[in-house]
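*Asks:* As a plain string of letters, each chain reads:
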Amino acid sequence: MGRAIVITSGKGGVGKTTTTCNLGAAIAQLGMSVVLIDADIGLRNLDVVMGLENRIVYHVVDVVQRKCTAQKALIKDRRLDNLWLLPASQTDDKDAVTPDDMRKLVGELKVIYDYVLIDCPAGIEQGFKNAIAGADEAVVVATPEVSSIRDADRVVGLLAAQDIPTRLIVNRISAHLVKKGDMLSQADVIEILALELIGAVPLDEHVVASTNKGMPAVLEGKSLAAREFSRIARRMIGLETEAVRETGGGWFSRLGRALGLSSATAA
Amino acid sequence: MWNMFRGKPSSREVAKGRLHLVLAHDRVGLEGGKLQEMRREIAAVISRYVPIDLDAVEVQIETRSRATELRVSSPLPARGGG
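These protein sequences, in sequence, are chains A and B. Under the working numbering, the letters of the first sequence match residues 1 to 267, in that order. Under the working numbering, the letters of the second sequence match residues 1001 to 1082, in that order.
Hints in this document: simulated from the structure, not taken from any laboratory. Ideal Cβ placement from N, Cα and C applies to all residues, glycine included. Possibly wrong hints are sitting among the right ones.
Claimed, not checked - Partial selection, computed: residues in chain A whose CB lies under 10 angstroms from chain B: (1) 144; (2) 192; (3) 196.
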């Protein structure tokens, strides 16, 4: 039986879809079979981030309405043999899917695949409720900003109310800005949200370039963000026990600055 | 991290302080007006037992880790002294 993990955040634009794409690819690289579900009905995006937008025939609403089987709707990744995408529909009918539908769908996929990663829409309304319905655990993505952390805190409360174990990814952290005193550190974010940290992804312009091309950063080599996504994937499947590194100070930030990452732009 | 030359808190410290306050209120779900209403009622109850300055009663919501607590503080007059 596989595991279903929802990637969520509350606030939009903090990197949920990019995180889902990269963790999915990284877990698949480790030899596990992975299905990514785009649960953002009406605003589908995971397909373009994955570079699979030209191959969509069926989508998640077709599957829950029994117009086709889940197997038939899955798009196989070109680069990895054991990675699949179930795209969202572009219809604006938010009620096309219910939490029960999602629970059933995720349950069916878990029988066949090792990991089901669910890309949750922004917000805490119906789309969020659908996305978390079938999840065994959750990963909350937050950037080190007041608005993102505030929204993440709401989501953490809602996940706790559903008894869904939750871990944290701090995304787009700049060691340089933390050191200058102009960005919350990962330790600050952990203290405020009181969650277990599973990864801290540096602000890295390589991710912007990868997204432009529709290529997961983890498949493009060894950028700092790609390395961290790969480490998170290892932690998620229980391969790596090494603690998450603190940003700021040490060789990590010196290297980041040497590579000019401190001035990297946010997506 | 305090900037020793300017003596001002860093934007990181400011962000942390603002978050602690905002989250404390978010977690309890009390909008600003409700908190003041509660403060007035608590002050009124205390004043039934001890003569106090109603305006000196303060309520604060604080959060530490995922636990949130309500702190009420009120200066109490010494007996006879007033």
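*Asks:* Hint by hint, say whether it matches the structure.
*Replies:* Taking the hints in turn, this is what the structure says about them:
For residue 144 (chain A), the suggested interface contact is upheld, since its CB lies about 8 angstroms from the closest CB of chain B, less than 10 angstroms. Among the interface hints, the one on residue 192 (chain A) holds; its C-beta lies about 5 angstroms from the nearest C-beta in chain B, closer than the 10 angstroms criterion. At about 12 angstroms, the closest approach between the beta carbon of residue 196 (chain A) and any beta carbon in chain B exceeds 10 angstroms, and the interface hint on this residue is violated.
Violated hints amount to a single one, hint 3; each of the other numbered hints is respected by the structure.
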